[in-house]
Amino acid sequence: MTRVVVTVMPKAGVLDPQGQTVEGALGRLGFGGVSDVRVGKRIELEVGGDDPLAAVHEMCERLLVNALIEDYDVRAES
Amino acid sequence: MTRVVVTVMPKAGVLDPQGQTVEGALGRLGFGGVSDVRVGKRIELEVGGDDPLAAVHEMCERLLVNALIEDYDVRAES
Amino acid sequence: MSGATKPKHRALGLTDREAERITALLDREPTDPELVMFSLMWSEHCSYKHSRRLLGRFPSEGPGVLQGPGENAGVVEIEPGRALALKIESHNHPSAVEPFEGAATGVGGIVRDILAMGARPIALLDSLRFGELRSARSRHLFVRSVAGIGHYGNCIGVPTVGGEVAFDDRYEDSCLVNAMCVGVVEPGRVLRAAASGADNAVVLIGNRTGADGIGGASILASAELDEDEDRRPSVQVSDPFTERKLMDCCLELASSDLLVALQDLGAAGLTSASSEMAAKGGVGIDIDLDAVPLRQALTPAEILVSESQERMLAVVEPRLLDEVIRVCRRWELDATRIGVVTDDGDLVARSGGEVVARIRATSLTDEAPAYRVALHAPSPSEPLDLADVPEPTDLATAWRELLGRPNVASKRWVFEQYDHLVGANTIVRPGGDAAVVRLPGSNRAIALTTDCAERHAELDARGGGAASVLEAARNIAAVGARPLAATDCLNFANPEKGSTGWRLREVIEGMSQALEALGIPIVSGNVSLYNESPARAIYPTPVVGMVGVIEDAAARVGHGFVDSGDVVLIAGGGRPRLDASEWLGEARGCPDRPDAASEARLCELLARAGERRLVQSAHDVSGGGVAVALAECAIAGRLGADVELPVERRADEALFGEGGGRVVVTCRPRNLDALRDAAGGVPLTEIGTVGGDLLRVRIGSDMAELSVADATNAYEAGIPEVVA
Amino acid sequence: MSVAVLRFPGSLDHESAQRAVESVGGIATSVWHADAELPAGVGAVVVPGGFSYGDHLRPGAVASRAPIMGAVRRHVDRGGLVLGICNGFQVLCEAGLLPGALRPNATLTFVCRQASVEVADDGSPWTAPLGVGARLSIPIKNNQGAWFGHPEIDRVALRYVGDDRLGSVTAAAGVLDESGRVLGLMPHPEEACDPLLGSTDGQSLFGVAAAA
Ligand SMILES: Nc1ncnc2c1ncn2[C@@H]1O[C@H](COP(=O)(O)OP(=O)(O)O)[C@@H](O)[C@H]1O
Ligand SMILES: [Mg+2]
Chain P
0 MTRVVVTVMP
10 KAGVLDPQGQ
20 TVEGALGRLG
30 FGGVSDVRVG
40 KRIELEVGGD
50 DPLAAVHEMC
60 ERLLVNALIE
70 DYDVRAES
Chain V
0 MTRVVVTVMP
10 KAGVLDPQGQ
20 TVEGALGRLG
30 FGGVSDVRVG
40 KRIELEVGGD
50 DPLAAVHEMC
60 ERLLVNALIE
70 DYDVRAES
Chain W
0 MSGATKPKHR
10 ALGLTDREAE
20 RITALLDREP
30 TDPELVMFSL
40 MWSEHCSYKH
50 SRRLLGRFPS
60 EGPGVLQGPG
70 ENAGVVEIEP
80 GRALALKIES
90 HNHPSAVEPF
100 EGAATGVGGI
110 VRDILAMGAR
120 PIALLDSLRF
130 GELRSARSRH
140 LFVRSVAGIG
150 HYGNCIGVPT
160 VGGEVAFDDR
170 YEDSCLVNAM
180 CVGVVEPGRV
190 LRAAASGADN
200 AVVLIGNRTG
210 ADGIGGASIL
220 ASAELDEDED
230 RRPSVQVSDP
240 FTERKLMDCC
250 LELASSDLLV
260 ALQDLGAAGL
270 TSASSEMAAK
280 GGVGIDIDLD
290 AVPLRQALTP
300 AEILVSESQE
310 RMLAVVEPRL
320 LDEVIRVCRR
330 WELDATRIGV
340 VTDDGDLVAR
350 SGGEVVARIR
360 ATSLTDEAPA
370 YRVALHAPSP
380 SEPLDLADVP
390 EPTDLATAWR
400 ELLGRPNVAS
410 KRWVFEQYDH
420 LVGANTIVRP
430 GGDAAVVRLP
440 GSNRAIALTT
450 DCAERHAELD
460 ARGGGAASVL
470 EAARNIAAVG
480 ARPLAATDCL
490 NFANPEKGST
500 GWRLREVIEG
510 MSQALEALGI
520 PIVSGNVSLY
530 NESPARAIYP
540 TPVVGMVGVI
550 EDAAARVGHG
560 FVDSGDVVLI
570 AGGGRPRLDA
580 SEWLGEARGC
590 PDRPDAASEA
600 RLCELLARAG
610 ERRLVQSAHD
620 VSGGGVAVAL
630 AECAIAGRLG
640 ADVELPVERR
650 ADEALFGEGG
660 GRVVVTCRPR
670 NLDALRDAAG
680 GVPLTEIGTV
690 GGDLLRVRIG
700 SDMAELSVAD
710 ATNAYEAGIP
720 EVVA
Chain F
0 MSVAVLRFPG
10 SLDHESAQRA
20 VESVGGIATS
30 VWHADAELPA
40 GVGAVVVPGG
50 FSYGDHLRPG
60 AVASRAPIMG
70 AVRRHVDRGG
80 LVLGICNGFQ
90 VLCEAGLLPG
100 ALRPNATLTF
110 VCRQASVEVA
120 DDGSPWTAPL
130 GVGARLSIPI
140 KNNQGAWFGH
150 PEIDRVALRY
160 VGDDRLGSVT
170 AAAGVLDESG
180 RVLGLMPHPE
190 EACDPLLGST
200 DGQSLFGVAA
210 AA
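Protein chains in written order, with numbering that gives the first Met the number 0: chain P, 0 to 77; chain V, 0 to 77; chain W, 0 to 723; chain F, 0 to 211.
What the hints contain is simulated information worked out from the structure, not anything from laboratory work. Just so it is clear, CB atoms sit at the ideal spot from N, CA and C, and this is done for glycine as well. Please note that the accuracy of each hint is not assured.
[Claimed, not checked] One-sided excerpt, in silico: chain P residues whose CB lies under 8 Å from chain F:
id, residue
1, P16
2, Q17
3, T20
4, L28
5, G29
6, L52
[Claimed, not checked] Which bits of chain V does chain P cover? Going by a derived footprint, with three or more residues having C-beta under 8 Å, they are:
id, stretch
7, 8-14
8, 20-31
9, 63-69
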């Protein structure tokens, strides 16, 4: 079994309302100089088989990621 | 400016319905041998100042993370 | 054809004739941004070039109408000092591409239309069509559209109180997602989109502008930039939190009299909003594109047509500008002066100090071409031969099966994902006929519904158009309300092909006749054409959104049975037929043309009976016939009934036949005579008694019996079973 | 004394809550999130439902850091009462004024329906008039209503009756702070204060607020 980590982020240029809110809130809390906040997902999963990374790539295409608005990255946990 | 990445995951023992649902859905799609799926967040932000990592740690304590239910990790983007 | 060899105007979807017309209007060749602006403003979506001539047929005037079609929404007075703004709109194509965001942004768009009238949104409805749920794609579209609508409506705090959803293979390639919004406004404070006053400021409020939904502009850009991947239009992501702030902020600005005019940014973005504001006011607008706050680098053409959501354009007197910006800041919203009103009638856009577009505003709006659609009557449908419809071996089994079919089954799975209560005014919740929302500070309440008889319209366009209006009216009347006004969304296939144009005209004629019989206007609407693929064209789907008024909110009528011993009646006439029915399950046969005049009398009877508190419950007979209507009354009231139906040619026809304007009504025995007296000429047929935990229906020597518990299980399981 | 009803960007139920206060004869005052103080003469604070800050990051997280929350904390320290409803409950948990946290519903969907809840702890000003075992019919409407906490030490005030438990630990629908003066609940009592809405079971809580 391999522990695989998928990170899913809003595509560049796609609106990220959550990132906007977090950026505004950090500013109001007095944290200066913060910009370009993006909020995405991190999915961790335990996968068996010969080629766990290839399997997870397929899971991303078929379920985990909405390719129209999200980019993703798959790697084995370090 | 440093691009900093915060990962926030549900604490062990806290119910993760999203992880469970993803696990179930992957099973129904025919992906066998997947287990222990956890879904968390990834927050990316651009931070200035002398010690951006320390600043982000403070942001986590004060806003980004709810320590009762979440664990987190901060690192500079690689 | 590659972008390099295809003329630019064709790449943007303009015909050669249209391109010539543009050159003639400008008296020179258009610049690239100008060509993009024309291509979008002259699209079917913005210009209604194939439907405009036909829409004039709708009755749109009446004593209470403060604003008919032509503005962002229609407005009709409901009581002294209070008016309703209403409008329905489609977001079909974006929902097919990305159902969650497409449906969500559809809700956002219709809410901003209501807001642009200065009205406070108080209710949402949705009308949905998908392919059959056995198709994985249709299931996905259905599940995600519902989630998207819920996400948006719930987060902005406008209750989604009703709607409809149906499944048919004809929508497999072209799903329909229509959303309706109703708002309240003081008649004296209705805002309009007409800009006025040279030197007044043009202010953009809300989200920053990004590459969202840019179609044509990016085609152009990519032709020049060698197919840059990043130039693909990006899906509009919904931001209901910003929308809620926009609502609160714009209503505050409107009630403080800080605005000259207000307009939402929808299709064709800034181009459409500014040209319409200028054209309506007979003025010009001069925009500095460099002032527009951006989310990412964009070309001037892209800024002009970006469809980024959650933005409004306001015209503000210079002396009030600081105050407007202060209010927006308080709501944590960007507000930027991006231009001024001028008196020359031109829409001007500048970038880097240069004029990149100068177009007479009316050229974009009023001078758009209008086409006559081809009118070919389709061949008339074949009458249904009952002998071809297998007779069910067991009526009760058939009844239970019908109750579980997705088109008939409870839509609870849908409406429980919608906050239908927020605001604490929903006094009849979804699940019956119309929803009822009371007006705070008034004794009155309003009833709301969306309906459509698309299978009927496929077989007989005029009859189906009328049936769509009349079903909506019956749903309004069933809760004890009087129809007040309607809005409509005409979802059709390609108007340039086959019989679509003829059907469009006929549907409009049928709807208009029914509206005239009811004495109510259409005050707003929307047209969505080209809903077809090479394999399938949708049915003509004229969705009708209707509002009605109940004088005394407490007198509203529910659909569930109330007390044992109450008398069950069918009010209204028409014969039950299986043509185009749910039991038949397809558009086949020749449904009877509705009798609008007698249905109008039925509606008046129901409203009067509600007012005088003569009825305990009322429920419209629609999909699945009397059998389904009775079951729904029993399920909601947790009470059975013993009923005898008039004999038809066959028992299944008596039970499951549809058509006519019929309503299942119950009343206390002591009110029966008063109800008969009130009926005038409306047929009232006593069919049985409420009571027990069984539903028993006799038709001559045939009998069907179902326990209320079995009926409930079948009805509630229908949709969860297939989407789980 | 009046009842302060807070308002954040994205609050939705502040007006319904004010009407509920008025339905029991109380006086309601709207208070803006950016203010640093509550108005004088406030006996109870209501943190109403909605989607403050769009539920972004975590429901209630951003609102719980607003300036007005410092004043709410001082109000509690002085012995004042606080009622958090739905998003208001989430705000109070995030502010540390109530124990636990609210997680996504087990269904992962928004759920809007009439629910039945039962009083589990009547040793607080909020629940004393009702008594243990009293049942209330009140709508629930949320998508992150599953309470996570430690019921062995935390005070559970209300529990769901039947299957509508959303995934809450021990079916908790509402919890109290140690003192009992702060109550948070996921159901919406402000939408059950009028016979036309089908239930008046929410009025008891607003009666307590109005009398504080
Ligand atoms: N998509 C939907 N959204 C919200 N409510 C819905 C939806 N579909 C159906 N409903 C509700 O379910 C009930 C029954 O709908 P429907 O079967 O279409 O009624 P009818 O046949 O009388 O028009 C109505 O209260 C309606 O508002
Ligand atoms: Mg109906």
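Each hint, compared with the structure:
no.: 1; hint: P16; in the structure: holds (6 Å)
no.: 2; hint: Q17; in the structure: holds (4 Å)
no.: 3; hint: T20; in the structure: holds (4 Å)
no.: 4; hint: L28; in the structure: holds (6 Å)
no.: 5; hint: G29; in the structure: violated (11 Å)
no.: 6; hint: L52; in the structure: violated (27 Å)
no.: 7; hint: 8-14; in the structure: violated (count 1)
no.: 8; hint: 20-31; in the structure: holds (count 7)
no.: 9; hint: 63-69; in the structure: violated (count 1)
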